[in-house]
Amino acid sequence: MKVKQKWVSLLVAVFAVATIAGCAGNNGTNSATNGNNSSTTNNGSEGTSEATQAPATPVKLSMVTSDFSLPVSGGKTMDNPTYRYLAEQTNTDLEMIILPAGQYHDQRKIKIAAGEMPDLLMDWGIPNDLFVNDQLIPLDDLIEQYGPNLKKVISQEAWDGVTRNGKIYGIPEMPKGNALVNRNLFVRQDLMEQVGYTTPPQTPDELLDMLRKMKALDPNMTPFTARENFTWLDSLIGMYGVSVFGGTVVNGELVPSNTAPQMKQALGFIRQLMEEGLLDPEFMSNKRNTWEQKIQSGQAAVWTHAPDLIVDWQARLDQSLPGSGAKVAIIPTPKASGVEQAGFGRLPYNKTFSVTKAAKNPEQAVKLLDWLASPEGEKFVNFGIPGDTYTEDNGNIFYNRQLDLDRQTQGMRSLQFNIIGWNEDYAKLQQGEAAIALLSQAYGVASTDGYDSVTLGMVNPKSPLPEVGEFGTAGTLFVETAAKIVLGEKPLDYFDEYVANWRKLGGDALVKEATEWYNSK
Amino acid sequence: MRIKQSTGEKVFDFFNIAFLILLSFIALVPILHVVAGSLSSPNAIIHGEVFLWPVGFTFEHFGLVINTGPFWKALWTTIQVVAIATTLNMVLTVFGSYPLSKMNLRGRKSILLFIIFTMIFHAPLIPVYMVVKELHLLNTIWALIVPGAVAAFNMILCITFFRGLPEELFEAAKVDGMNDYRIVMQIAVPLSKPILFTLLLFYSVGHWNSYMAPLLYITDRDLQTLQMYIYFLMQGALSDTTAAAAVESSLSMVPKALEMATIVLATTPIVILYPFFQKHFVKGATLGSVKG
Amino acid sequence: MNSAKLNQDTSALPAAAVSVPVQFRRESFWRFMKKNHGLYVMLIPVLLYFLVFRYIPLMGSVIAFKDYNIYKGFIDSEWFGFRWFEIMFSNPQYIVIIKNTLLISLYQIVFAFPAPILLACLLNELRHMAFKRSVQTVLYLPHFLSWTLVYGLAFMMLSTQSGLVNEVFKGMGQDAVPFLSSSDYFRSVIVGAGVWKEMGWSAIIFLAALSGINPSLYEAAKIDGAGRWKQFLNVTLPGLLPAIVILLLLKIGNIMDVGFESIYIFLSPTTLAVGEVLDTYAYRAGIIGGQYSFTTAIGLFKSVIGFILLVSANRISRAVSGESLY
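Protein chains in written order, with our numbering: chain A, 1 to 521; chain B, 522 to 813; chain C, 814 to 1139.
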């Protein structure tokens, strides 16, 4: 009997302990380690104790954001020196919830569904489903009252981009380099000049000519390369004033750009490139690292990517093709005839911060963001904690870049908290003159490239069928069609079939909704 | 005494060995490529020069993975999780399978159906997350242990194996007055080494390799498991938004080589430990159990 | 009759260990439980686990019949009835998707299922232990590669531009074969890659089962003059039968599960017509604004079909071979 009881209790205990330990042990295995090893002195100079008023208890604020693919330290938010500094400057009891970039939207959805609604939400534009379900609060009054810096540094176009039904629902970050597009045409400048184009090609025909000449240099080359799911062809498509994203006005209707007649022209051009061997024939199965390798090995010389990565690309080519004189440059998107604005769709902001209905102290959110837009905030975002990674003396900043990099805090601060646009002097301190020279060139081109988006501010209507998808995003139907046309399996006119099919499956309803919105603007 | 082999059997043996060597070759060649890639220089990989042996031998990819504090912490966390979780798994599976291997157990069919049903009907992700959350398991290592306490598939395997054990042994034990628990521990378990080591292998490897659930349940990076650490590393290597300032570190991150290095690292412990499992897959594990 | 019993040497059955006297055969459930309460207590933790972590969340499947809105929650979301299923079936693509799913599953049952069994049997016939162990180790290694790596390897071998296999073809004067981009080869590539990756690891189960076969049965067969082939037919195969049947039945129950990751990675616009399966379709539906209801409905559909097939197959199996899952 005793033996039996012993076994019974053992079994039950094993399982019970497992569950109960979980219940009680919320803190048990959490280690409140200091993620960074600096003992940050609470620098008594600017901002810390502007306690001319009675020191108020810090206001609780939770913010969900992405890790932007950068390493993140563990432990409680307020134990992390960077976050703690920000919190102290703004009198906040801050909780950062940082989700992996690759699963940011999925995980955020799941957590919200389980009842974890944060106060402050980062996204790239106003999150539609939150807005449509009335989960965001309008910020106009709060900005008026608590956002003087925000009003100073953010452009009117950016505010317009985050306005819905006349009210502001998010605080936007100014775009990188103040450039309105974040996809541009990259070329190997050395090869471009070698084939006789000392000024970049201005039209599709000239681009075609240049690619032909490049291939003549090296028959193994396929000058232009792109990636799977018909992505990163934006510069080619952009020559016709459209994109796989967004909308175009055609015959009084607002249709998704991937169904517009200009897209058909673009596909025709891409098809020609494929026929002549000027486009990487495997591009539709190119994963990211394959694509990158083709460029790095010199197999491709022209591609599309984000302008701020020009420094990265130059460094990569310096390493993989040493001594070849490889030089990376960004050129304006050539314009097809009749097209006034070519390139990628313009976006006047980068990321946005929205405040949810769950926020008990919404003004705190605006105050925190306002501080980030202030001169002290700007220094924090760019250089870190004063006295730690930088010191200031008579208006001159001495920045310890290596320390900031070693701690892996530089990228994290700027990606998570930056609001202010391009500051060339600060950028020089951060990245060095050479890098800034490259970036200035890149941003210079990017700031005049691209076309104004007609769907700015629209809540995208969508259908549950993946083939129809969301208005302004390319669904599987488009990708399949584009692939077949480009590969020559179907004639160019098959595009019209696709459009008709898409509209029949449910696209018509989406177009109707979008057009209504457009006409009511 | 060996029965003489017929010619047919000798021919079979020859082709069997040849076939298995061919299969091994087909499996081994890509593996060699992976190992070679993990030890090759970034430029060699970019220019596609690597086949079966390293070109420009370097440990830098492994260095990128191992040379950080978080790696060792993640490794230790994973070892703890695997140890605790597998123990729990084995206890629950063995004690849960034994009764269900008794054909005369009343309610056996219904209970089996109860379990098998969950192998066909899967709960949606959000409710599962909510249950884990309500039990306060989130952000603790228990979230990686308790929700996976039993794998129905492994239970079915165990039940099937137990069913094959000689019934007379159990009846003899009952006659001797042994209670069920002792029967399990002293009769069923010692005779079941093959299946138990198989389950041990499946469970532990399953925990070692799992990353989707940990990514969701654990937000505090101090608690990350090895696979989570690797996921974040690869995410950074494959990112389009690598901050320009981090150029120096991203340059040596050739994603392909990095991935290969992480796989070699994650697989090596298992390869080392496998022979210890293997030696229990010997014929005649149940030998000597039935007295003639 | 349970064929597992065939494996046992029944000659030494102790007379005392006889089953219950006839007149008490239909004793009540509670009586049995009381007498064998140890067995039932052992089951409690396991059953509790399934209840809490499987059945309770399973109730969330109700969203397949609702228009689930994460802000309204499970209870307050609008009732949708069978509309998701109507949307599914009225989509002409759906027939193609189901066909793709079933075809790939069939290929898997015919090719991928027997492969580990055959492998285990072949390994079992080896007498040189060191060789057997090495082969076994090498063959399970591919299980640990990620599908992204496997895709990369497949690309290196099979791509039309630079793939090694096609280089050989071109060298021989033949045309390159579009293994990865043509719909003609998609299923073969997927199933083939799956076999290559999992064959060694799945064989472990059968190797364990083979170890559990009583060696005295082999001895008895040898004494009767059986050669290795006869031994295989009369001892090995019946010994493996329970495991084979169980696993086959489980695969049938999951017939609509063809593996998401592998297919998604190999899928390209040119192979969508044969490659789009329920899981990849559901994945895309989930991406667009998180259509959890739709994906749950698709999942429910898969499960119902699988379950019906499982019940039928189980009955057939019990009648034909005596083995059944439950």
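Everything labelled a hint here was simulated from the structure, so no lab data went into it. Don't be surprised by glycine CBs; every beta carbon is placed ideally from N, CA and C. Just so you know, not all the hints are guaranteed correct.
[Unchecked claim] Okay, the calculated beta carbon distance ranges per label pair:
#1 A/Pro375 / B/Ile600: 41 to 51 Å
#2 A/Leu487 / C/Gln987: 18 to 28 Å
#3 C/Ile908 / B/Ile542: 23 to 33 Å
Hints, one by one, checked against the model:
In this structure, proline 375 of chain A and isoleucine 600 of chain B meet the distance hint of 41 to 51 Å, their C-beta atoms being roughly 49 Å apart. The given range of 18 to 28 Å is respected by leucine 487 of chain A and glutamine 987 of chain C, whose C-beta atoms sit roughly 21 Å from each other. Distance hint check for isoleucine 908 of chain C and isoleucine 542 of chain B: the Cβ-Cβ separation is about 45 Å, which falls outside the suggested range of 23 to 33 Å.
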